[in-house]
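Build out the structure end to end from the sequences listed, making use of the hints.
So the protein lines, in turn, are chains A and B.
Counting with our numbering, you get residues 1 to 640 for the letters of the first sequence.
Counting with our numbering, you get residues 1001 to 1251 for the letters of the second sequence.
Heads up, a few of these hints could be off.
[Said to hold, decoys possible] DSS-like, lysine-lysine: derived pairs with alpha carbons at most 25 Å apart:
id, chain 1, residue 1, chain 2, residue 2
1, B, Lys1084, B, Lys1190
2, A, Lys342, A, Lys258
3, B, Lys1116, B, Lys1250
4, B, Lys1187, B, Lys1084
5, B, Lys1190, A, Lys488
6, B, Lys1084, A, Lys488
7, A, Lys531, A, Lys542
8, B, Lys1109, B, Lys1031
9, A, Lys328, B, Lys1068
10, B, Lys1202, B, Lys1250
11, B, Lys1123, B, Lys1234
12, B, Lys1068, A, Lys488
13, A, Lys488, B, Lys1123
14, B, Lys1031, A, Lys328
15, A, Lys388, A, Lys373
16, B, Lys1187, A, Lys488
17, B, Lys1068, A, Lys421
18, A, Lys467, B, Lys1068
Keep in mind the hints are simulated off the structure, nothing from the lab.
Here are the chains, one letter per residue:
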Amino acid sequence: MFQPANDTMNLTKQISRYILQVMLMILLPLVLTGEADAQVHFEASGPSQVGTGQAFRISYSVNKEAKGFIMPEIRNFDILTGPSQGSSSNISFINGKVTQSVSYSYTFVLQAQRAGTFTIPPASVTVDGKKYLSNSLTIQVTDQGGGQRPQARQNARPRSSQPQSSGNISGNDVFLRAVISKNNLQLGEQAIITYKLYTRIPLSLQGIDKIPSNVGFWSQDLLKNKDKYLQYDEVINGSKYMVAEIRKVAIFPQQTGKLTIDPLQVDVLAQVTVQSKSPFDDDPFFNDPFFRNFFDSSPFSTSTQTVQKALKSNPVTVSISPLPSAGKPVDFTGAVGNFTLKSNIDHNEVKANEAITLRYTITGSGNLSLIEKPNLVFPPDFEVYDPKIVDNINATASGISGSRTFEYLVIPRVPGNFTIKPVPFTYYDLSRKVYTTLSSQQFNIKVNKGDGTESGLLSSSSNEDIKYIGNDIRYIRHNVTGLHLAGKNFFGNWLFYLLFLLPFVLFGLFLIIWRKQLQLRNNTGLMRNRKANKVATARLKKAKVFLDQKKQEQFYEEVSQALWGYISDKFNIPISGLSLDTALESLQQRNVDEDISRRFIGNLQHCEFARFAPGDKEAIMQETYREALENISKTEQQLK
Amino acid sequence: MKRFALTICLLFPFAVLTAETPEAMIVKGNKAYSQGHYEDAIALYGEVIRMGYESENLFYNLGNAYFKNNELPPAILYYEKALKIDPNDADTRYNLAVANSRIADKIEKIPELFYKRWWTNLKNLFSLDTLSVLIILFVITGLVLAGIYLVSRRMILRRVSFWSAAALLALAFVMLGIASQKNSQLKARKEGIVFTPTVTVKSSPDPSSIDLFVLHEGSKVLVQDSIGGWIEVKIANGSQGWILATDIRKI
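Pasting the structure below:
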């Protein structure tokens, strides 16, 4: 097609160049469109050399509308992200002609696991029902790790259709800013960080390169499901910038102190107007020396070029103050914001073994995702499953709001009336700066007897042991009696000794008084009774003296006196009133033995008789004395 | 007993004249306890003890408050103190068992010889105060019966009153013996509760001596001996060793 051009080489250089250039300008669109129609290029590109642990990018690009991308089997590398799909279309106006080219790309970010040379097999893609295979990539992994990543990536596009970055973009043309809604936060308070991309030049965002790790925060992306960035104009220092909010994150601090949020890194492709190499350099056809010269000197070679640039936002410092400890309820678990609590139950009356669903919904704005399940206490005869947590969280540009629902499925196993007590939910109210406790409803559940078909616990005939649910100490006593000063026990106290000894003293006093009384009242009768034996014995001793002296009369006198005296003393009868008959009667009255009584009386009779009839033998006197002694002692024994 | 407490109050009027009576403070403490303000209850009960008062119920309530405040060693200490006053209180025994089940150490008790056990049970049958009252009642009844024996002329009455008087008086003196032993034990304070979270029991009163075993807070020890800042302790399973006196608080 271009053969005629070679023929014109014989003409003067200047002319030929000029003509050709004109021709080319006419022909080029044809070439481009023709090529786009005819050929499908499916290419894999990636660095040829990386270090271990270093993240790098490989991309598959196809110049036609493609579908059915089948990724290669990637071994020895970790896939950090991908495949992320991208498409771009270029529309060129050249001399009034419109040229359109599309390109689809599939990008992976990989990380080498270990050193060595590895091959990534081709990927496949379907274009217009035809399957195309890409080239395979050979990557040499050296054991170094990081350091030269940008170069590695840029060098790694030997046949890339993308331009080499060579143009300069100044920091004023494009920059990235992180803006936080609030710098001074309380623990758990929500703040929104907006990453704004400012640009004065045409720009396309290639991808977020590094998302800050946000240590100490729990964060949620607010633009996750947005496919369009919010764009508007802003004037800074007299220059008008196009602003795109490329990332918006709600952060909830989880620790106190001064925390710094790392910068966000993005890669952008900027279109800059530069003197550049031809975009067709890569095409073998255009590498022809003639054409190279031809293009280099071309006055039309000034064109826009796409330049890659990494942008970094400013770090954001936030100071987080702790929540007030005053009045902090025990059951506070960290919910901060503004919430309402709703609870409901689907059935209040069920049969045993039928399921009940209980829902506790916490609605509001704040760190909803951090709310823990309510501490519900179910009756022990209920079978309880772990709650299902349903989140309906709206991540809008103004922050996180929505609801979190805890759905409990419980199955009562036995009939009866049960109560599910209200469960408290405590949060820190940011607007009012107080801890607020909400309480759910109390539910009364009536469980009726289930059908016999479902075997409940009750259908078994055996008794069940009592289930012990908790173990606690017994309650305090409200009785305040028994309080006394320490160490002052009743025992060992003077009062104790007093009360202990006093009875003995009183008893002693009683004894003395009693004896005195006794003597006073019964001095004659009782005293004589008590002393009767003694008196009689004393008389008999005297009689013994007379017996030894053989004074018969005095002897009998004494013995008789002793016997009569004894009867008189013992029975309290005056001597004058005594006779043998009364003596015998008295003895018999007091149940003295018949034999002893008679001998006593006989003894007396003999004494009376012998007193007035002297001449008794000594032996009889002896006998009488012995008998008197015996009679008195025997009678004494009998009378006791 | 009530009259006795009253007498004490009359004898020590200054105690009654302070801003708040100890009884009122205990009532306040009980209220704080029932509302769940255990720390306030501990402070109020503690103040009553600092004023020099004690009672079985006060120690029991204080033990409960400490238990609820998750302070096991003082809870055990006060339960033991309450049991020292009344060894048979079922509530205190139960709560002490609950508290003991939550401490780190589980010490196997060596069973005592049967007669020792009987003697201990006999000793624990009545509290010291009950025993004192009983002694006095027995002495009075015994002596009254002795008087009846002397005065009476009826044979049966004389015989019954004589023997019962003798039995009561003998019993009163046995109980006096028990009471005095109990009293000396009460005053001796030979038992203690470990308050240091972890204590290494040494073979001799010297920090460089061999470690024998480790005790944890809440365990009960019997103090055998003391030298300097060290005490020789014996635990329920019979093991002995030396620890610092500051590691325990005596019951």
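Verification of the supplied hints:
At roughly 12 Å between alpha-carbon atoms, Lys1084 (chain B) and Lys1190 (chain B) fall within 25 Å of each other, so this suggested pair holds. Restraint check for Lys342 (chain A) and Lys258 (chain A): not satisfied, since their Cα atoms lie roughly 36 Å apart, outside the 25 Å limit. This hinted pair checks out: Lys1116 (chain B) and Lys1250 (chain B) have alpha carbons roughly 24 Å apart, not beyond 25 Å. With a C-alpha separation of about 10 Å, the suggested pairing of Lys1187 (chain B) with Lys1084 (chain B) holds against the 25 Å cut-off.
At most 25 Å may separate the alpha-carbon atoms for a hinted pair to count; Lys1190 (chain B) and Lys488 (chain A) meet this at roughly 19 Å. Distance check on the hinted pair: Lys1084 (chain B) and Lys488 (chain A) sit about 14 Å apart at the alpha-carbon level, within 25 Å; holds. In summary, the hint linking Lys531 (chain A) to Lys542 (chain A) is supported, as the alpha carbons are separated by about 17 Å, within the 25 Å threshold. Of the supplied pair hints, the one linking Lys1109 (chain B) and Lys1031 (chain B) is violated, its CA atoms being roughly 38 Å apart against a limit of 25 Å.
Between the alpha carbons of Lys328 (chain A) and Lys1068 (chain B) the distance comes to roughly 19 Å, so the proposed pair stays at or under 25 Å and holds. With a CA separation close to 19 Å, the supplied pair Lys1202 (chain B) and Lys1250 (chain B) stays within the 25 Å bound. Straight-line distance between C-alpha atoms of Lys1123 (chain B) and Lys1234 (chain B) comes to about 22 Å, which keeps the hinted pair within the 25 Å bound. A distance of roughly 30 Å separates the Cα atoms of Lys1068 (chain B) and Lys488 (chain A); the hinted pair therefore is violated under the 25 Å criterion.
About 20 Å separates the Cα atoms of Lys488 (chain A) and Lys1123 (chain B), which keeps this hinted pair within 25 Å; it holds. With a C-alpha separation of about 22 Å, the suggested pair Lys1031 (chain B) and Lys328 (chain A) falls inside the 25 Å cut-off, and the hint holds. Between Lys388 (chain A) and Lys373 (chain A) the CA atoms are separated by roughly 10 Å; this keeps the pair inside 25 Å, and the hint holds. The straight-line distance between the Cα atoms of Lys1187 (chain B) and Lys488 (chain A) is roughly 11 Å, inside the 25 Å bound, and the hint therefore holds.
Pair hint Lys1068 (chain B) plus Lys421 (chain A) holds up; C-alpha atoms about 22 Å apart against a cutoff of 25 Å. With a C-alpha separation of about 23 Å, the suggested pair Lys467 (chain A) and Lys1068 (chain B) falls inside the 25 Å cut-off, and the hint holds.
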